[in-house]
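Asker: Take a look at the letters that make up each chain.
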Amino acid sequence: MKQQRRILLKAGMAAGTLAVAASANLLTPGRVLAAWPKDAFTAKKLPIAQEALLGKETATNSDAIKVKAPDIAENGAVVSVTVNTTLPAVESISIFVPVNAFPLSASYDMSSVTDGFITGRFKLGKTTDVVAIVKSNGKLYTAKKPVKVTLGGCGG
Amino acid sequence: MANKMKIRAFAEKGKTTVKAIIFHPMETGLRKDKKTGKTIPPHYITEVNCMHNGKTVLKCNWGPGVSKNPFVSFRFSGAKTGDDFKITWVDNTGKTGESTSKIG
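Going line by line, the protein sequences match chains P and H.
Just so we're aligned: 175 in our numbering is position 91 of the first sequence, and the numbers increase by one with no gaps anywhere.
Just so we're aligned: 113 in our numbering is position 64 of the second sequence, and the numbers increase by one with no gaps anywhere.
Hints were generated in silico from the structure; no laboratory data involved.
A hint or two may mislead.
Capping the alpha-carbon separation at 30 Å, the derived lysine-lysine pairs in DSS-like fashion look like this [as the list claims (entries may be wrong)]: (1) P:LYS129 with H:LYS87; (2) H:LYS64 with P:LYS150; (3) H:LYS104 with H:LYS68; (4) P:LYS129 with H:LYS108; (5) P:LYS150 with H:LYS108.
All chains, full assembly: derive it from the sequences and hints.
Answerer: The structure is reproduced here in structure tokens:
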């Protein structure tokens, strides 16, 4: 008899925890969470990540995009990268590091008032090209910059 | 520590430059703890919303390839000194953080 009471109590507690978890989920912005392109960020090859994020279209090389990064990075864990573009109506700027386990590092969705300019700090596993893909007027443009890494930034 | 963030936003000639650092471990999920040999679980920011007077001007989608204590800088037009500037973020474990600053 006593045993059953214990089980009931436990069940009640578990249900309580679930209810708390559910309400916590409701509080986080679900719409925003759903928008995060999981397939693109978990893809292990650059072309697959690019397709998942930006569609099948191939990106053309463009001189209007400048990728600024150090020639030699002593510490691959923190590499400052700036992407500057003069292309009109920039919709998004994505930054890829092809040698990383997950090549897509970051993707920035621009609004109509935002300039084609972004700076961030990224991890570079080893010596590689940093690839920027800019979506402008529905078309894809790309530019890259080689960076020599003396100490890797991913894993250890 | 979860909500620590530094925002600097200043307007000049109609353009506002924003610089922000969010303090976050940004674990990839691939690193191993040197003492125990166990994999450290992934913990990284996935989404960042930068808002000027409640309107999103930049949305960042981040993966584990972004450095620890991520930094972001960008420029936008249409804001003036004294306007509200807010940044919110969500990480892969569902944790959130936000910070508001005035444009200087």
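Asker: Please go over all the hints and tell whether each is borne out by the structure.
Answerer: A quick look at each hint next to the structure:
1. P:LYS129 with H:LYS87: It holds: about 26 Å lies between the C-alpha atoms, which stays within 30 Å.
2. H:LYS64 with P:LYS150: 20 Å, holds
3. H:LYS104 with H:LYS68: 18 Å, holds
4. P:LYS129 with H:LYS108: 24 Å, holds
5. P:LYS150 with H:LYS108: 21 Å, holds
Checked against the numbered hints above, the structure violates none of them.
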